[in-house]
Amino acid sequence: GCSQSTAPKESASAQNATSEKDISLDVAVEYTDHAAAFYYAQGKNLFSGTGIKINDVKVYASGVGVAAAFTKGGFDVSYMCLVPAIFTYANGGVPIKIIAGTHKNGYGLIVNSAKIQELSDLEKTGIKIANGPEGTSTDFLQKLLIENKNIDSEKIMSNTVRMNAAKQLMALRSGKVDAIFVPEHFATLAASFPSMKMLLKSTDIWPDMQGSVLVVTEELLKNQPETVEKLKEINKNSIQLMNENPQAAAEIVAQNLNINQMMVKEETQSPEANLEVTSEIAAASMNNLIMTPEISIEEVQAVIDKMYAMGYLTKSFDAKEIMAVD
Amino acid sequence: MSYISLENITTPYCLENVNLNIEAGEIMAVLGFTGAGKSTLLNVIAGLTEYKGDVYFNQNNMNHIRTERRNVGYLLQDIYLFPHLNTFDNIAFGLRAGGYPDDEIKEKIDSILHLLNITHLKKRYPKDLSGGEKQRVGLARSIIIEPKILLLDEPLSSLDPSTARSIRKELKVLQKRLNLTILYVTHDFAEAKELADRIVVITEGQIKQLGSVHDIFNLPAEEIREFISAAISV
Amino acid sequence: MSYISLENITTPYCLENVNLNIEAGEIMAVLGFTGAGKSTLLNVIAGLTEYKGDVYFNQNNMNHIRTERRNVGYLLQDIYLFPHLNTFDNIAFGLRAGGYPDDEIKEKIDSILHLLNITHLKKRYPKDLSGGEKQRVGLARSIIIEPKILLLDEPLSSLDPSTARSIRKELKVLQKRLNLTILYVTHDFAEAKELADRIVVITEGQIKQLGSVHDIFNLPAEEIREFISAAISV
Amino acid sequence: MIEDKGDQLEMKQNILKNNLLHLLPITLFLVLWEIAGQTAQTPLFPPLSKVIEAFGSLLRNGMFLKGIVASFGRVLIGYILGSSAGLFVGIIMGVNKTAERSLRPLISILFPIPTLGWLPLLMLWIGINEALPVALIFICAFFPVSYNTLTGIKEVKEEYIKAARTLGASSWYTLWHVILPMASPNIFTGLRLESGMVWRTVIAAEMFAIPTGIGALLMNAESLIRVDVIMVCLVVLSIMCSTFERFFLWLERRTTGAWR
Amino acid sequence: MIEDKGDQLEMKQNILKNNLLHLLPITLFLVLWEIAGQTAQTPLFPPLSKVIEAFGSLLRNGMFLKGIVASFGRVLIGYILGSSAGLFVGIIMGVNKTAERSLRPLISILFPIPTLGWLPLLMLWIGINEALPVALIFICAFFPVSYNTLTGIKEVKEEYIKAARTLGASSWYTLWHVILPMASPNIFTGLRLESGMVWRTVIAAEMFAIPTGIGALLMNAESLIRVDVIMVCLVVLSIMCSTFERFFLWLERRTTGAWR
Ligand SMILES: Nc1ncnc2c1ncn2[C@@H]1O[C@H](COP(=O)(O)OP(=O)(O)OP(=O)(O)O)[C@@H](O)[C@H]1O
Ligand SMILES: Nc1ncnc2c1ncn2[C@@H]1O[C@H](COP(=O)(O)OP(=O)(O)OP(=O)(O)O)[C@@H](O)[C@H]1O
Ligand SMILES: [Mg+2]
Ligand SMILES: [Mg+2]
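Chains as they are written, first to last, in this note's numbering: chain A, 1 to 326; chain B, 1 to 234; chain C, 1 to 234; chain D, 1 to 260; chain E, 1 to 260.
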């Protein structure tokens, strides 16, 4: 199963010692279409041809969940947002390497248009904003937004409550909050609710910010460099195929998100959160992502520096430490 | 008519049709076994228990006058000094409740402390007083409000003989000085004999005999003969 | 050599260079003011306090023998019956700790309950015993383990005279029957006189006089004269 | 005889009157609740009847009982482990000066930390799994029980120990037959007070971190705006907590009632 | 004289020895922590020095102090309101039989509900704003304080009241000058016990619902995997809680110490 309560498994390298051919990997992904590259690769059986066996997939409500889980080990590979990946390495001390990007952009601020028309409305008293836990990309973006648009940080932050994306949607729908900051596909889904609209996309805050990245443990990189190469290759192929056939990709992604919905419901204690994803929503959502395996060290360094400046990290570091791209 | 008059007093648990007259300035001892109704009788006079019948003080019907307005000094069976107040404040309690000014209170208390020889206990809390000391403080507390009637429920029961003797003397002096009417409950016939003008003997909620010390000693009524002889032999 | 021998005993707070010999089967009374060191002396013998010097029982050095192996019956100054055990279980405590079988325990206890006239208290807890009853239970508890030496720290201090008298008698009988060597602490000279073969007087941690009752009464040492006359007058 | 009968009748009337008087206010409250709920017509304040209905349907739905059982199991395991460990450490500290001196300063720093404060740390150390609420409850029970055990042992007067030793009891025998029984009132008080606290703790852990149990049910009901379900959960919690506490009160009375 | 000097010296040595013995274990613990942290080299178990460092930088960062102040303010307001209301209701129930009979059954149902259980209900009724933690703390303080006040009043023997009345005191005067002072030990005990509990409650509310205060700091530190920050928060919490409790202990001693 995909519950989180399993003990750390034997690492891939240990298993490799016994069988050269079949390399089995444990993977962690976020429950968003940010992980489209993975879902698509799995759906199209891109892994099996290369001798890589996906042993266990764990789906987390947010990158913060992936980060916390990483500290206890048990994964070899993860598709996660860049921001949590950085503090998993810096704060959690987990030796990971970014081996590729998966997409840029992909976050949005959705508001109840009955209450909020423009950004300055967020400062009003009585307005409730929801965002993911501290350290999620959306949290990072919210802080950036405050900085860029010169909004009253004090007012906004004390109006902000923390919850996972599924709950944010429920809260928005039931009127308990008036604005939410969520990653895609939740952003597009939320904007499709009656009287809700997407006020801002992440591109409006940080154009073409690096979204999610493909991460492996240092151990895997050291012991199985060829496996890592294969993973990169699969990622590249998967993204290329999706870009060529967006409609087919949307269907596979929508299907995967709906399958995983049950486990995420359980993890997020939200059995009521019926957030069925149609392939239309998935397609519209993926439209908001620029899917590419490319990732630039400068871009990552910029995020690291910004995170340090905003207090997420106790010290800055060289992006090269965490990158293993060609 | 007498100073205190009880007419047809009946209480839920104990007294039955009690009639009793007590003269002004008299000390009346109340004798009787445990559970006879002695404390209940005092409670009726003080208005601390329900009763049927009539209570008159100086010919005024007191039935609807509440305890705090009856102006009766009452030393309860176990004294019940307020544990959170020291000697001075315990004695001052009634005066303060009555709204006396502070300097007058201080004056009155100093004189009663002196009278009862307990000036040195002024600052002590009840927990640090011996049984005899508590008794004196309790007495001071109940007479400082200058009641006309004083009810004493076995005030000397827990004291050694010599202390009891000296308090009895002080009591006589006080009674004369303040012209108090006293009801004095005791188990001890000798005590009653020494203090009282008249004795009333109660058993099972009824008055069995009432008379001078001499009368009761020499001519006890049939049903209390046994009681009297037991009380004397102690 | 004597049955109990103390040589040059010094304790941190109290005793100074005490030497004392007690014969087998003797009752020795220990007299002295409050704080003189009487209880401390008994604690040394029982091994309940630190000391310098030597303690011999029947010529065996006991210095390194722990209390529980010294086989000394000790009735502590305030008895200290275990509050969570009833009379039977309190008395049985030592036997059970010694691993005796249940039926033997029952037999022994029944006989001592009978001897001390407390069979009816068997099931009661200490909180429901009077002072005198507690004293008897404590005595039973300390002698049922059949010690050769019995230490009694003011065992009759809190009792009324008539109860004290009857326990003293029982104690004499017991002592004869079990051939006990007894150290008996008391404030009361009359008590010492009635019970003891010899008396030792301690003040300020030192033995001031040791002798027969007669000697001490008639020829008290200079520094204890005042003490003896005070003790007699009580 | 006639008078006796009259008395009996009067007594019965009194009993009736008193009981009715006792029941009246709560009945009034329930009736008012129903009326107010019916009038308000908002899901935020459901009438009593809806709450009872919700209770019925929850009972039929396995989830609810499963939630209760899950919470109960966690409380039981965590509490048994935590209080056993607390007893053990308390006893060690009580009989051994060095142990006391070593552990006391530590405990006096850790004891006042609100149990829930540990949650973020444990989430990182343990992860989100069944061990998490159990560990929290362990902490919740451990400190007070060890502290009360220590206090209980320290309060046993030395003279009782001396008496035991003169009666030939070894240190071990004395510990088991004198010190611990005499410390038991204190120990039981600690156990009883904590028995309520552990429920607070498990609820919190379930509200936050663990997606099963009554706490999770409560949170789910909150996001579904099912006030009726929340109210059912609260009543059930009230019953569970007070039963738990009463059990310990009963145990306390049973074991130490005779001699105190 | 020479002997005296020797004694003094010995005494000093003893004092030193005892204090060192007291400090030794905690020092050892801190040193071990540092070494273990340095060796482990994982942010999940930071060495002492890093925690102290974190404390320093948190202090420089206004957020931390602001969080503490926010929590403290909520505790203070909620506690003052809740315990005043508790006192008031407790007194009403204590002096008025009808009030007692009406309220007691209600309170005996509501009291055992773990305070946090109210959170979901209050989130719906009040919404997520400053009133939420205050309301929670209010509940946390209200029930035990009213219960202890009632108990305290009931435990005042009727004879004291009778004595007061024979001395001419009105019911009102008796309430203020006899009943309440004599009930105060019980009342203070309730206040003191709750003073620790309210911290647990505010932390929980902040962890869950309200995005400011120490509880929120703790949760943010958890999601950012900042164990050093979590540890600083826990130590600060420990100090706050025990200071709060000690204050009430001091108050209790000061007001009732003389006569008990
Ligand atoms: N409220 C009550 N409920 C039941 N019985 C009562 C109540 N008040 C008084 N009694 C009973 O009335 C009887 C008389 O009580 P009272 O206190 O007057 O006796 P007493 O003569 O003062 O005895 P004592 O010498 O022991 O003080 C007792 O049997 C007592 O049990
Ligand atoms: N552990 C201790 N610490 C300090 N002083 C002690 C200690 N043990 C005994 N003492 C002192 O030793 C002296 C003798 O005490 P002990 O109990 O032997 O007196 P006692 O003769 O039995 O007095 P009492 O008649 O009051 O029982 C007392 O002054 C006491 O204060
Ligand atoms: Mg009476
Ligand atoms: Mg002594």
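Treat the hints with care, as some may be off.
Only pairs whose alpha carbons sit at most 35 angstroms apart, straight line, appear in this in silico DSBU-like list of lysine-lysine [to be verified]:
#1 Lys106(B) to Lys66(E)
#2 Lys66(E) to Lys123(B)
#3 Lys315(A) to Lys155(A)
#4 Lys172(C) to Lys123(C)
These are calculated hints, taken from the structure and not from any lab test.
The hints, checked one at a time:
1. About 53 angstroms separates the Cα atoms of Lys106(B) and Lys66(E), which puts this hinted pair outside 35 angstroms; it is violated.
2. Distance check on the hinted pair: Lys66(E) and Lys123(B) sit about 48 angstroms apart at the alpha-carbon level, beyond 35 angstroms; violated.
3. For the given pair, Lys315(A) sits about 28 angstroms from Lys155(A) by alpha-carbon distance, which is consistent with the 35 angstroms threshold.
4. Distance restraint check for Lys172(C) and Lys123(C): the Cα-Cα separation of roughly 27 angstroms lies within the 35 angstroms cut-off, and the hinted pair is therefore satisfied.
Taken one by one, the earlier hints fail for this structure at numbers 1 and 2, listed in ascending order.
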